[in-house]
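Colleague: Between the sequences and the hints, there should be enough to build the whole structure, so can you do that?
Chains as they are written, first to last, in our numbering: chain A, 1 to 625; chain H, 1001 to 1101; chain B, 2001 to 2180.
Think of the hints as simulated: they come from the structure by calculation, not from any bench. If you're wondering where the values come from, they're calculated on a predicted model, not measured in any experiment. Incorrect hints may appear among the rest.
[What the hints assert, rightly or not] Derived DEER-like restraints, expressed as beta-carbon distance ranges:
#1 B:Val2100 / A:Gly582: 43 to 53 Å
#2 B:Ala2156 / A:Phe577: 50 to 60 Å
#3 A:Arg583 / B:Thr2067: 55 to 65 Å
#4 A:Arg586 / B:Phe2012: 23 to 33 Å
#5 B:Ala2156 / A:Gly589: 52 to 62 Å
#6 B:Ala2161 / A:Arg583: 45 to 55 Å
#7 H:Gly1055 / B:Ala2134: 11 to 21 Å
A virtual CB, placed ideally from N, CA and C, is assigned to each residue, including glycine.
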Amino acid sequence: MTDLIWLLIALPALGAAVLVFFGRRIGEPAAGWLATATVAGSFAVAVAAGAGFVTGDLHPTTIDLFSWIPTLGVDATLLWDPLAVTMTFVVTGVGALIHLYAIGYMHGDPRFGRFFAYLNLFIASMLTLVLAGNFAVMFVGWELVGLSSYLLISFWFEKPSAAAAGKKAFIVNRIGDWGFLVALMIVFAAFGTLDFGTVFESAPEVLSVGTATAITLLLLVGATGKSAQLPLYVWLPDAMEGPTPVSALIHAATMVTAGVYMIARTGALFELAPVSQAVVATVGVLTALFAATIAISQRDIKRVLAYSTISQIGYMIFGVGMAAYTAGMFHLVTHAFFKALLFLGAGSVIHALGGEQDMRKMGGLRKVMPVTFWTMVIAWLAISGVFPLAGFWSKDEILGAAFAKGGLYTGLWAIGLFTAFLTAFYMTRWLAMTFLGQPRWSDDAHPHESPWVMTGPLVVLALASTFAGALNTPWRLAFEHFLEPSFELVTQSLPPENIGVVVALAGLSLILVLFGIAVAWRRYTTAELPAEAGRFWYVTLHGYWIDEVYGRVFVLPGKALSAWFARVLDGTVIDGFVNGLGRTVRGFGAAMSTLQSGWVRSYAAVFGVGVLVLLVWTLVRGGVI
Amino acid sequence: MTLTAGWFMGLAAVLFALGGAGVLLRRNALVMFMSIELMLNAVNLTFVAASKALGQIEGQVATLFVIVVAAAEVTVGLAIIVAIFHNRASADVDEFAELKG
Amino acid sequence: MAEVVVFVVFAFAALAGAFVMLLARNPVYSAIGLLTTMFSIAVFYVLLDAHFVAAIQVIIYTGAVMTLFMFVIMMIGVDRDEDTSERIPYQRPIGIVLAVGFAAVIVAAGSGAWVTGSASFATPDLNGTIEAVADELFGTWTIPFLGTVFLLTIAALGTIALARYGPTGPRPIDDGEGRT
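Modeller: Shown next, in the form of structure tokens:
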């Protein structure tokens, strides 16, 4: 079965190719169904090929596809191990549901087929990334993900803001890609190969602590770009400009998890660089806190979710940073379910209200959209971390591992715990402003429940969000055992052994979460929305003006530099050279063309002069005269 | 005083120069053609004189070849002049300056 | 001595013919000047014992070629006097300087050798009879000689084509009675 792994990538890639060329002809909704079918097909292949890991019959396998760069010894190899299987399940499973949902959401869009081509390309890119068997193939996937995200975020490119958001995502990602690429070069210089297996196994002998730290810190730069961590998170809130299924795909299943996955995959290198691990964990937890404080005051239904994504990814980075890889991956999986659910629910609301995204103009949608509302309640509880839903188990595993590690990580644990409180608060605010209280929508809006292609995925994801926690509970570590073959080379940080401590920690975080929910509930289920005035609200609503600061510090000087280059270097030097060359040739030609008089006797005279000169020269040289 | 090759060579040089002057100075295509014939004849004279001076018959053979080629050239050249004259009613080469740059 | 007298006489004739050709405003006079020069050169060939070449010179040049020239001149128009003004800048001084310069350089280069060097002809008994020339021509130079056959054939065909074909195809042949 593992021979067919290439099908995983080939199916969506084929779908993308077909839809790019024939999408318009295939039309709506067949194009959407075709795209959904390719991703569902990939999911089926993944299930068939990955089942062996659950039963324990299968061992991690490397599949050589073809020789790619023979001079460097780089082949196109895929690695099929439990970590890749996990990612593949998430990408294709959640991805297929989002495809299905998009058939309803994109109804009537003039570029319907093109949209699904891009979606399929995105899935193919992400699968290339997670299935890669060496750094080179991973880099290809890494870049393709950046490209497809650009295409999708700026899908409605008629809107200047969407085009700008796409550009922003692409450029910020380039900064991260730079880090990843440099890390890749150092790896090749140190090991002479890019193959995962060889690199990880020989890393302890080959790498010094300094080199390992350099590589891993550069990898972290790459991860902060793709996974929207401090300081490169700025592209993600703007990525809301894309259609909502795109937001769901980018935030839940695919793009932002790439950084987490990459750190987990290269865990053997991070193992050698404790400093890097501390830096990664700190970046993660600070991002979680930072983004949560911004999420509190956002008024756009999708921006709240965007900042919540940054915050939750922060948790995952925190987890994989301190070597709690199972916990980080576990949170990645559960988050994929409930965050996809949240975005699709938000999309359903926006769809119902005819494009309205301001939560101050919502409220009271509970009765109008019952399916959306109840699935959102599940998502809300899951992301807040309420027992016994998925988020509770995964988040508390990360926090527990941090607590058990002690030292610096105890401080980070406290911050993470406080962030859990904030999360509960802003998610309750989000739910209350959207679905509870009095209707505040304008009179000409006629909200309605969405069609089944949209609610169906919501229900499936709600079920998954409810029960995914059972994958890995302190009493039944199924997921941890499942992933074991992938993390044989590393020492994992685990939650405390003592089950009593685990329960006590979980109880503490649950109390904080319930407290956060209670505070928000009192505040936002009133008839009138509370005035969110005051310095704190003002500052966080604008996201600490980080965008403005970046604009002043990086964008303006960059533009000035470009303008200078365009004016001086391009305008004067290069244009001057090219124009000067043309002018010289033309002047020379003009001068020469006067010799071309058309008079044959004039030519004969020139010819005669030449003959005479040669004759004299020959005779003088021969000594005759 | 006996004849030497030098007499003929000197005369041939002057005839050749006169032919060249004809090509450069006359505008009538026919006269230019005649000048070219004169130049060819001057060269032939040097061939034959050299043949005599060196005692080798090849010089005369070369002259024969030059005469043959000149005859062929004259037929074609005159045909061209006639063709041009048909179209332009002129044999003035200075009027055929369409290839001016 | 008699040879020298003959040479001097015909050298003057040749130069005079050349000057007439160069300076005459009417092409008919030019042609007659050239005829004189060519005939003089035939005489020089006889002086140089190249009898066969001399005969060919008379037959082909003074006979065929010059007749052809006269024919074309008559066809184009005898009474056209050439405009002697010069329109090309510096053409006339350049032409004169070049001609004089060329002759001067050649004579200067040759004068040393001609005056001091090989005074007389090396083998006065060399005789350019038909037999001697034919031996050489059909012995050593057979292939080039046959090449001239092609050359003349092609020249003849080219001439016919030039006369017969205009820009729009073959010209009609007038049979003299207004029909074509």
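Colleague: All the hints need checking, so say for each whether the structure fits it.
Modeller: Hint check results:
no.	hint	in the structure
1	B:Val2100 / A:Gly582: 43 to 53 Å	holds, 44 Å
2	B:Ala2156 / A:Phe577: 50 to 60 Å	holds, 58 Å
3	A:Arg583 / B:Thr2067: 55 to 65 Å	holds, 57 Å
4	A:Arg586 / B:Phe2012: 23 to 33 Å	violated, 56 Å
5	B:Ala2156 / A:Gly589: 52 to 62 Å	violated, 42 Å
6	B:Ala2161 / A:Arg583: 45 to 55 Å	holds, 46 Å
7	H:Gly1055 / B:Ala2134: 11 to 21 Å	holds, 18 Å
Of the hints listed earlier, those the structure fails to meet are numbers 4, 5, in rising order.
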